Amino acid sequence: MIQLTHKNVHNYFKINGDHLNGDELRSVAYSFIKEGDPNEQAIGEFLLDWFDEKQYIEMKTSGTTGLPKLVRLQKQAMIQSALATGDFFDLKPGDKALLCLPVKFIAGKMMLVRSLILGLDLHITEPSTEPLALNKVIYDFVAMVPLQVQNSIRALNKVKKLIVGGAKMDAGLEEKLLPLKTVVYETYGMTETITHIAARKVGEKVFTVLPNIKISKDNKGCLMISIPSISEEPIITNDLIELIKENQFTFLGRIDNVINSGGVKLIPEQIEAKLIGKINSRFFVTGIPDSILGEKLILVIEGEKQDFQVDFFDGLDKYEKPKEIVFIPKFKENENGKLLRKPSLQP
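Counting in full-length UniProt numbering, the sequence shown tops out at residue 347, every number present.
If you are wondering where the hints come from, they were derived from the structure by calculation, not from laboratory data. Bear in mind the structure is a predicted one, so any value in this text is a computation, not a measurement. Beta carbons are placed, not taken as given, at the ideal position from N, Cα and C, and that holds for glycine. Careful, some of the hints might be misleading.
[To be verified] Heads up, simulated DMTMM-like pairs for lysine to aspartate or glutamate below, C-alpha to C-alpha not over 20 Å straight-line:
1. Lys274 x Glu302
2. Lys168 x Glu130
3. Lys278 x Glu324
4. Lys220 x Glu269
5. Lys7 x Asp49
6. Lys296 x Asp317
7. Lys278 x Asp170
8. Lys323 x Asp290
9. Lys60 x Glu333
10. Lys330 x Glu272
11. Lys274 x Asp317
12. Lys7 x Asp23
13. Lys160 x Glu130
14. Lys160 x Asp87
15. Lys176 x Glu204
16. Lys104 x Glu130
17. Lys205 x Glu175
18. Lys274 x Glu320
19. Lys92 x Asp18
20. Lys104 x Glu45
21. Lys330 x Glu302
22. Lys338 x Glu130
23. Lys160 x Glu204
24. Lys201 x Glu269
25. Lys96 x Glu130
[What the hints assert, rightly or not] Label-pair distances were calculated between CB atoms; the ranges are:
26. Asp18 x Lys342: 45 to 51 Å
27. Ser216 x Tyr56: 23 to 29 Å
28. Tyr56 x Tyr319: 45 to 51 Å
29. Lys92 x Lys181: 18 to 24 Å
30. Pro347 x Glu246: 43 to 49 Å
Using the sequences and the hints given, assemble the complete structure.
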């Protein structure tokens, strides 16, 4: 069997309806760089990087596993990731896919790589909060961040299979997706793992890992990921998990979000799940310094101050009940729409 390389372009591959080979793609890349908008320029630069003689792509990490840093992702590992995605989500040559994510990030880059390797018919649109607004095409496969999904609920009948990543999908959004015919998955991954390494279907709690990936827990209860094609050493995350099977896990929360209040360790994500449906605005719980407890649990709500019923915290355990409610006009978030907890509390 001939091993695929980064110079291979699948016979079924298309961009915006046009079949293009490697030489034609280089020509398109130069055109994008010279005449395109910022997103097209990023596509052009990536395509030239992809087809050059180097065996790697340089990327800056998002900081999921530590401080942001520059890493080299092997092109062969990116190809293996694309093949694993194709197997897991049953993608076929000729399937129509939509690229609506910025190509400067790994998720956007990998939509291009998957299309090149798997032979997808890739349609490119400028990244926006409503990527399906002007589209009439029915897509087999689309990747979005939660903010894009939130703004596209009524248009998701144009998508057969949707993967959502870049930020945690909240339970409120998930409830809106359950009645749809679109098959929706939340993905788990990061730059270091070359985008997603696991996915769970909306309505289910368990993440299942993609082919050729092994998972375990470290002594703190955090997820460890073994991908021989990417790293000789396991990739250690800051995500607390429960191992269900050797290839399945549930996400509990971020270890750096854990609150130690009077010696009791609280996981914000688990408390937040119990408050879903009781608060119409976006919210999160966190800890702030306290002279007695060490950290005091507070509830932070986006928007104007409002009153709540006496039984508002019913369903929470004794230690899970916030000591204070704080209202903030607008939360801070990153480019993917991921909520930034600590910065949101700062003036």
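Against the structure, the hints:
1. At most 20 Å may separate the alpha-carbon atoms for a hinted pair to count; Lys274 and Glu302 meet this at roughly 18 Å.
2. Proposed proximity of Lys168 and Glu130 is supported: the alpha carbons are some 19 Å apart, at most 20 Å.
3. A distance of roughly 16 Å separates the Cα atoms of Lys278 and Glu324; the hinted pair therefore holds under the 20 Å criterion.
4. About 17 Å separates the Cα atoms of Lys220 and Glu269, which keeps this hinted pair within 20 Å; it holds.
5. For a cut-off of 20 Å, the pair hint linking Lys7 to Asp49 stands: about 11 Å separates their Cα positions.
6. In summary, the hint linking Lys296 to Asp317 is supported, as the alpha carbons are separated by about 15 Å, within the 20 Å threshold.
7. Distance check on the hinted pair: Lys278 and Asp170 sit about 14 Å apart at the alpha-carbon level, within 20 Å; holds.
8. With a CA separation close to 11 Å, the supplied pair Lys323 and Asp290 stays within the 20 Å bound.
9. A distance of roughly 18 Å separates the Cα atoms of Lys60 and Glu333; the hinted pair therefore holds under the 20 Å criterion.
10. About 18 Å separates the Cα atoms of Lys330 and Glu272, which keeps this hinted pair within 20 Å; it holds.
11. For the hint linking Lys274 to Asp317, the alpha-carbon distance of about 10 Å falls within 20 Å, and the restraint holds.
12. For the hint linking Lys7 to Asp23, the alpha-carbon distance of about 10 Å falls within 20 Å, and the restraint holds.
13. The straight-line distance between the Cα atoms of Lys160 and Glu130 is roughly 17 Å, inside the 20 Å bound, and the hint therefore holds.
14. Between Lys160 and Asp87 the CA atoms are separated by roughly 16 Å; this keeps the pair inside 20 Å, and the hint holds.
15. Restraint check for Lys176 and Glu204: satisfied, since their Cα atoms lie roughly 14 Å apart, inside the 20 Å limit.
16. Note on Lys104 and Glu130: the hinted pairing holds, with a Cα-Cα distance of about 19 Å set against a maximum of 20 Å.
17. With a C-alpha separation of about 13 Å, the suggested pairing of Lys205 with Glu175 holds against the 20 Å cut-off.
18. Proximity of Lys274 to Glu320 is assessed by CA-CA distance (about 10 Å); at most 20 Å being required, the pair is judged to hold.
19. Restraint check for Lys92 and Asp18: satisfied, since their Cα atoms lie roughly 18 Å apart, inside the 20 Å limit.
20. Of the pairs offered as hints, the one joining Lys104 and Glu45 holds, with about 9 Å between alpha carbons and a cut-off of 20 Å not exceeded.
21. Pair hint Lys330 plus Glu302 holds up; C-alpha atoms about 6 Å apart against a cutoff of 20 Å.
22. At roughly 17 Å between alpha-carbon atoms, Lys338 and Glu130 fall within 20 Å of each other, so this suggested pair holds.
23. Straight-line distance between C-alpha atoms of Lys160 and Glu204 comes to about 18 Å, which keeps the hinted pair within the 20 Å bound.
24. Restraint check for Lys201 and Glu269: the C-alpha separation of about 19 Å stays at or below 20 Å, so the hint holds.
25. Of the supplied pair hints, the one linking Lys96 and Glu130 holds, its CA atoms being roughly 19 Å apart against a limit of 20 Å.
26. Range check, Asp18 to Lys342: Cβ separation about 46 Å, and the 45 to 51 Å hint holds.
27. In this structure the hint that Ser216 and Tyr56 lie 23 to 29 Å apart at CB holds, the actual value being about 27 Å.
28. Between Tyr56 and Tyr319 the beta carbons are some 48 Å apart, a value that agrees with the proposed interval 45 to 51 Å.
29. At about 19 Å, the CB distance of Lys92 to Lys181 agrees with the hint of 18 to 24 Å.
30. Taken as a hint, the range 43 to 49 Å holds for the pair Pro347 and Glu246, whose Cβ atoms sit roughly 47 Å apart.
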